[in-house]
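Chain order of the listed sequences is A and B.
For what it's worth, the numbering used here labels the leading residue of the first sequence as 1, then goes sequentially.
For what it's worth, the numbering used here labels the leading residue of the second sequence as 327, then goes sequentially.
Honestly, the hints are just simulated from the structure, not real lab data.
If you're wondering where the values come from, they're calculated on a predicted model, not measured in any experiment.
A virtual CB, placed ideally from N, CA and C, is assigned to each residue, including glycine.
Any given hint could be a false lead.
Unchecked claim - Now the stretches of chain A that chain B is said to cover, found in silico as 3 or more residues with beta-carbon under 8 Å:
#1 41-50
#2 239-252
What the hints assert, rightly or not - Straight-line distance between alpha carbons at most 25 Å, and here's what the computed DSS-like set of lysine-lysine pairs gives:
#3 Lys118/A to Lys84/A
#4 Lys196/A to Lys439/B
#5 Lys158/A to Lys428/B
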Amino acid sequence: MPNPSTATIWEDFMNFKRRLLLSAIAVTVSGAMPLMASAADLIAIITPGHDNPFFKAEADGADARAKELGYETLVLVHDDDANKQAELIDSAIAAGAKAIILDNAGADASVAAVQKAKDAGIPSFLIDREITKSGVAVSQIVSNNYQGAQLGAEEFVKLMGEEGEYAELVGKESDTNAKIRSSGYHDIIDQYPDLKMVAQQSANWSQTEAYTIMETVLQANPNIKGVISGNDTMAMGAWAALEAAGRTDVIVVGFDGSNDVRDSILKGGIKATVLQPAYRQAQLAVEQADQYIKTGSTGLEEKQLMDCVLVNGDNAGKLETFALSE
Amino acid sequence: MIRTLVLSICLAATLTGLSACKIVKNDTGAEGAIPPGPEGDAARIAALLEETYEARLVPHVTDTATDISALRSALAGGLDAAGEAHGVRATGEGSAWSFAVKGSGTVVEQNRKSRAATLGLDTDADGKPDTTLQLGPVVKGTALRDVAPFYVFTDFRDQIEFARLARALNDRAVGDLSLPEGDLTGRSVTFLGAFAARSASDPILVVPLSIEVSP
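Make a model of the complete structure from these sequences and hints.
As structure tokens, then:
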């Protein structure tokens, strides 16, 4: 394992503090390497449950790239349970993983788990969701949810003709992405005084919860004209409820870019979604982990944003497994 | 109602934070008045804006701005090449290139009634709009934040706080503009600002720091 040379450290010292700190971390981790050398080249990939195709795409993307780069993988799911996540991190540590790719189970609750891995000399590379502290994970690569939400909201406003009643389905409260998407939506939508939000509820990213909530919202607000949803699974749940009630006139916009919503768009159901490059994001995290394992540094800022792309009837046909073909 | 209440609380927090800063000048402990979590976002962003907007952002954009005509020819040669030469891409693969830009042109389109008001400029004298200046109050994008290397995502708690900075910068920029009322079509203007591009063919949608209209 190459250690940073004295010259490198000196150069870094001549730069500003953050760089120096990075080198210090690199030295610490390099120092810990011999302890892990006995383990196989293992990368642990931990995400929420694969019943949501978004998380499956992430796990698949990371798994495929890790294998291409010559690693063995340990693919685990925490089902958005922070306690379970803590156990899985312990398992990854015990298995001697060289890196952890993690889509975490809560921005605050996950800090300790990632810190624990770090203390054990195992670097974490976060995807999709942030944690509330920097300097604990090596990389945090997340979709630019604010940018994406603004794209979705602009499309929603256009589809609504800038007026009418609408409902918002919000994601899981503990997830920063639920809040940032909601705030991105409202930074645009609230500028239009004739758009009136008649309901705003969390369906916890869940299709079945969204179905139930949509049924209730529809009964209380028969004049509803649109639904903007914090993710695609909730959009699918809402759409199913609208279909069952014969209200396919209602405009639904989602977020994620899943194949399910793509198919619905192509059939004239849901109107639009916002693609997060989930597959590529997971691959990128593995590439940065590989670089870090080999050199002690990714050469990049810890927190990185990847832009999202609007998907509607014009480009839905090019969407497959969270990636758009050219 | 709730929104108004939240806003009042934020405003109160801002005022408290700022007055605390004034009272205990040069005391780093003054920041203690701002709560570290999301409830302190408004005060923290207001303080950051106060500290950096005039002192760092305006000089940075002024010093690094490329002339619009040079930039448009560079973009014609490909986004990445133009970006390497004139732009900033804060977080690597998957994020947009941001450019500081200056120039002049003739107003050939205006949309000042919309909440997202704009002026369409012709900067190459072909009679067609090629550059759009955003006048607000709705401003799209985060180019003003992203063009500045001293606003680093890692330094922020999360995307929410980082987004609030972008919104605050946009609000400040368009809030500072003062344009003559009425129809500006046919008038020539000079501008300084920033825009972001995700592909070379993206429309140039500038968040202006300044717009001057010639008589």
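Checked hints:
1. 41-50: violated (count 0)
2. 239-252: Per the Cβ count (0), the hint is violated.
3. Lys118/A to Lys84/A: holds, 18 Å
4. Lys196/A to Lys439/B: Distance ~21 Å between Lys196/A and Lys439/B Cα, so the pair holds.
5. Lys158/A to Lys428/B: Between Lys158/A and Lys428/B the Cα gap is close to 31 Å, so the pair fails against 25 Å, i.e. violated.
Taken one by one, the earlier hints fail for this structure at numbers 1, 2 and 5, listed in ascending order.
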